[in-house]
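Start from the sequences, fold in the hints, and give me the full structure.
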Amino acid sequence: MASLVLLSAGVAAAESQTVEGTGDIDRMVASNGQNAVTAKVFGMAPPCDTHYLWVTVNWRGADLYRAEAGCYPGGIWAKGLYYHDSADDQNPDQVNCDGFVFRWDGERQLFKVVIPRSCLDNAPNRIRVAAEGHVYSSTTGSEAGPTRLLARG
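Taking our numbering, the leading residue of the sequence shown gets 1, the next gets one more, and so forth.
Derived from the structure by calculation, the hints contain no laboratory data. One or more of the hints may lead you astray.
[Said to hold, decoys possible] Restraint-style ranges between C-beta atoms, simulated for each label pair:
| id | residue 1 | residue 2 | range |
| --- | --- | --- | --- |
| 1 | D49 | S86 | 30 to 38 Å |
| 2 | R27 | G74 | 25 to 33 Å |
| 3 | A78 | D98 | 34 to 42 Å |
| 4 | C48 | R108 | 17 to 25 Å |
Even for Gly, the Cβ is constructed at its ideal location relative to N, Cα and C.
Have a look at this one:
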């Protein structure tokens, strides 16, 4: 009699964490997926009511990636991804990255940042995520995180 053996391969889920914010950031939900790091930042105002928003990915010391968006003269909402190494924090390298997303979701009232892992060449599998920003109408800055070290899913 033949027996059938079924094997199931486990699928690694992205490790995520929700952290409470201060100021205008209500909370941030960060996820370290196999293919991308995702952060959803709740509570900030829409682009150009928000002065700037940074989402930082780091793992030790001063090395970090930072997704930046900010309002510039003429109502231009500019976005970019930058790598800061420990020796040159004041002059970051811009990372050109297909699939990088920094988007306002007006229906859900959040900013969504997606950074493909292929754009994070220097980042290890375990990372921390944090957010920092400022709304023009606010007198204080806003922060969320950092998360604990999140394992790559």
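Status of each hint after checking the structure:
For the pair D49 and S86, the beta carbons lie near 34 Å from each other, so the given range of 30 to 38 Å is met. Roughly 31 Å separates the CB atoms of R27 and G74, a value that falls within the hinted 25 to 33 Å. Between A78 and D98 the beta carbons are some 18 Å apart, a value that contradicts the proposed interval 34 to 42 Å. Checked against the given bound of 17 to 25 Å, the beta carbons of C48 and R108, roughly 18 Å apart, stay inside it.
Consistency with the previously given hints fails for number 3 only.
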